[in-house]
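Full structure from sequences and hints, please.
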Amino acid sequence: MTNFASILARTAVLAIYAAACADIQRRELATQVPSVLRLLNGQEVPCAMKSWSGEGLDGDCGVRYWEDLTPKCVLALLRECVPSNDAAAAADGAAVVLSLSDSESAGKAAIQWAKRIGATDEQVEAARKEAVVLKAARLERVRKTEAARLSALSPEAGVFAATAWIVLKPDEFAAASVEMLEAARALLSRAGSSGSLHETDHIALFAESGDDAFREIAASLEVFYDGWEKVLVGAGALIAPQGRIPVVIVNDRDRWRLIVAAAAGSEPQKYQDAIVVYPTTTTAAGARAMVLVAPNSDRSMQRYNASVGLARAMLHYSGSPQRGPAWLNEGLPRVMADVATPLASMDDTLRKPGLNWVRGGGTFLPLLASNYSDAAWTADATLARSLSYMFVRWMYDQNPRKLFQFAKVVAPSETIDVRFRKCFGVTLDSAAAQAARWFQTND
Numbered sequence: 001m002t003n004f005a006s007i008l009a010r011t012a013v014l015a016i017y018a019a020a021c022a023d024i025q026r027r028e029l030a031t032q033v034p035s036v037l038r039l040l041n042g043q044e045v046p047c048a049m050k051s052w053s054g055e056g057l058d059g060d061c062g063v064r065y066w067e068d069l070t071p072k073c074v075l076a077l078l079r080e081c082v083p084s085n086d087a088a089a090a091a092d093g094a095a096v097v098l099s100l101s102d103s104e105s106a107g108k109a110a111i112q113w114a115k116r117i118g119a120t121d122e123q124v125e126a127a128r129k130e131a132v133v134l135k136a137a138r139l140e141r142v143r144k145t146e147a148a149r150l151s152a153l154s155p156e157a158g159v160f161a162a163t164a165w166i167v168l169k170p171d172e173f174a175a176a177s178v179e180m181l182e183a184a185r186a187l188l189s190r191a192g193s194s195g196s197l198h199e200t201d202h203i204a205l206f207a208e209s210g211d212d213a214f215r216e217i218a219a220s221l222e223v224f225y226d227g228w229e230k231v232l233v234g235a236g237a238l239i240a241p242q243g244r245i246p247v248v249i250v251n252d253r254d255r256w257r258l259i260v261a262a263a264a265g266s267e268p269q270k271y272q273d274a275i276v277v278y279p280t281t282t283t284a285a286g287a288r289a290m291v292l293v294a295p296n297s298d299r300s301m302q303r304y305n306a307s308v309g310l311a312r313a314m315l316h317y318s319g320s321p322q323r324g325p326a327w328l329n330e331g332l333p334r335v336m337a338d339v340a341t342p343l344a345s346m347d348d349t350l351r352k353p354g355l356n357w358v359r360g361g362g363t364f365l366p367l368l369a370s371n372y373s374d375a376a377w378t379a380d381a382t383l384a385r386s387l388s389y390m391f392v393r394w395m396y397d398q399n400p401r402k403l404f405q406f407a408k409v410v411a412p413s414e415t416i417d418v419r420f421r422k423c424f425g426v427t428l429d430s431a432a433a434q435a436a437r438w439f440q441t442n443d
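For the sequence shown, my numbering gives the first residue as 1, with consecutive numbering after it.
Don't read these hints as lab results, they were simulated from the structure.
It is possible that part of the hints are untrue.
[Said to hold, decoys possible] With a straight-line Cα cutoff of 30 Å, these simulated DSS-like cross-link-like pairs (lysine-lysine) come out:
(1) 144 <-> 230
(2) 144 <-> 129
(3) 50 <-> 144
(4) 50 <-> 129
(5) 169 <-> 135
[Said to hold, decoys possible] Derived CB-CB ranges, DEER-like:
(6) 28 <-> 112: 25 to 33 Å
(7) 360 <-> 61: 27 to 35 Å
(8) 211 <-> 233: 54 to 62 Å
(9) 182 <-> 223: 22 to 30 Å
(10) 26 <-> 68: 15 to 23 Å
(11) 343 <-> 397: 29 to 37 Å
(12) 427 <-> 23: 43 to 51 Å
(13) 132 <-> 172: 38 to 46 Å
Note that the Cβ used here is the ideal one computed from N, Cα and C, for glycine as well.
See below:
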């Protein structure tokens, strides 16, 4: 199924960059200019150039961005392409060269070249200003492209704002709740489904089945919310939900596949318990959370799955949306869910792969140094989730209050190592070694 959200995001990235480069017009060459492109990685690529702009060049080698070439090569190419009497084009070319990294020498040569062709002092000054705009636009394009790449791995892998949430007034909370209800209904409709609604103070539970048991699940999720809100507030974190949190419980595996594909453009087997998606932006810190719960016929497991998603949404609304490392982001919601739903008996299941790893000589260190795009997660996500759960559970058993302070309170601008030492009094590496020793002989 086509992930239209992903397509729109990529289109927006390109549009932003193209708009920023619009002051340098695209120039079509009267005849193709044969050349050799010298890339930053040392490769040389034959290419007959057809046109160029502020973004890059187009030729029989395809589209190439200027930042992928050496500044010296870019200057040489532009000298070949720009007519000897076109001062405006030369000034634009100088702006391109000046915008590149490590271009001090080539940039000076580009300015001298533009002046020789006839560029005025005003044109040269405009070129210097345009170079700053080009460089900023290029950095933004790279940032957004990386964010889109991470979001494709998991909704949790994207870039989340560090801006603190604002506590909504009652009328604002009600309006936001209505918006999220409509977003949930729209998602169900795209997957060919609908759901009965069960609302509590903080939860809007959608269930495909009209079974009254879901009223009990909605009530239990409200109890879950109230209990962990007290823990978060006790640790010093402010939780500011942006409307009732939609929790969509799916009964059917085929429907689950359709809903996950529609919401995240992803494969459902990656999400055995729940997935949280962020379909609606706000004027505060960022995107609102919607919980999608994987199907399970066992009611205890259904509650556990829903609790994992709700815990993630609560952490999203605590302080700011900004995420910690992947191991904390994946481990803490599952610890919260397991503590609150012991009848699901998930603790042993979650620990098993990690215990085998640690008792076979493995450590927590590779996991603690990795994020979603690293091999620890892409090669064996099941093991990574298990180790994350084990380490966070070990921390929780040591001191829950310090764990939540570390996760959501202590200066997010500081490095993880500094934050960890402030909260726990030891380095992260030292704690990892202690945890590994403990799990050698304890389950």
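* To do: Take a look at whether the Cβ-Cβ distance between residue 182 and residue 223 falls inside 22 to 30 Å.
  => The hint (22 to 30 Å, Cβ to Cβ) holds, given that residue 182 and residue 223 are roughly 27 Å apart.
* To do: With 43 to 51 Å as the target window, see if residue 427 and residue 23 comply at their CB atoms.
  => 50 Å, holds
* Asked: Keeping to a limit of 30 Å between CA atoms, is the pair of residue 50 and residue 144 held or broken?
  -> 28 Å, holds
* Asked: Is 27 to 35 Å a correct range for the gap between the Cβ atoms of residue 360 and residue 61?
  -> Cβ of residue 360 to Cβ of residue 61: about 49 Å, so the range 27 to 35 Å is violated.
* **Cβ separation of residue 343 and residue 397, checked against the hinted range 29 to 37 Å** => The hinted range 29 to 37 Å is violated for residue 343 and residue 397, with Cβ atoms some 20 Å apart.
* Asked: Are the Cα atoms of residue 144 and residue 129 separated by 30 Å or less?
  -> Roughly 23 Å separates the two Cα atoms, so the pair holds.
* To do: Evaluate the given range 25 to 33 Å for the C-beta pair formed by residue 28 and residue 112.
  => 26 Å, holds
* To do: Please test the hint of 15 to 23 Å on the beta carbon pair from residue 26 and residue 68.
  => This hint holds: roughly 18 Å between Cβ atoms.
* To do: Mind checking the hinted window 38 to 46 Å against the Cβ distance between residue 132 and residue 172?
  => 39 Å, holds
* Asked: Between residue 211 and residue 233, does the C-beta distance stay in 54 to 62 Å?
  -> 33 Å, violated
* Asked: Between residue 144 and residue 230, is the straight-line Cα distance small enough, at 30 Å or below?
  -> Status violated; Cα separation ~36 Å.
* Quick one, are residue 169 and residue 135 close enough, alpha carbons at most 30 Å? -> Violated: residue 169 and residue 135 sit about 41 Å apart, past 30 Å.
Violation of the numbered hints given earlier is confined to hints 1, 5, 7, 8, 11; the remaining hints are satisfied by the structure.
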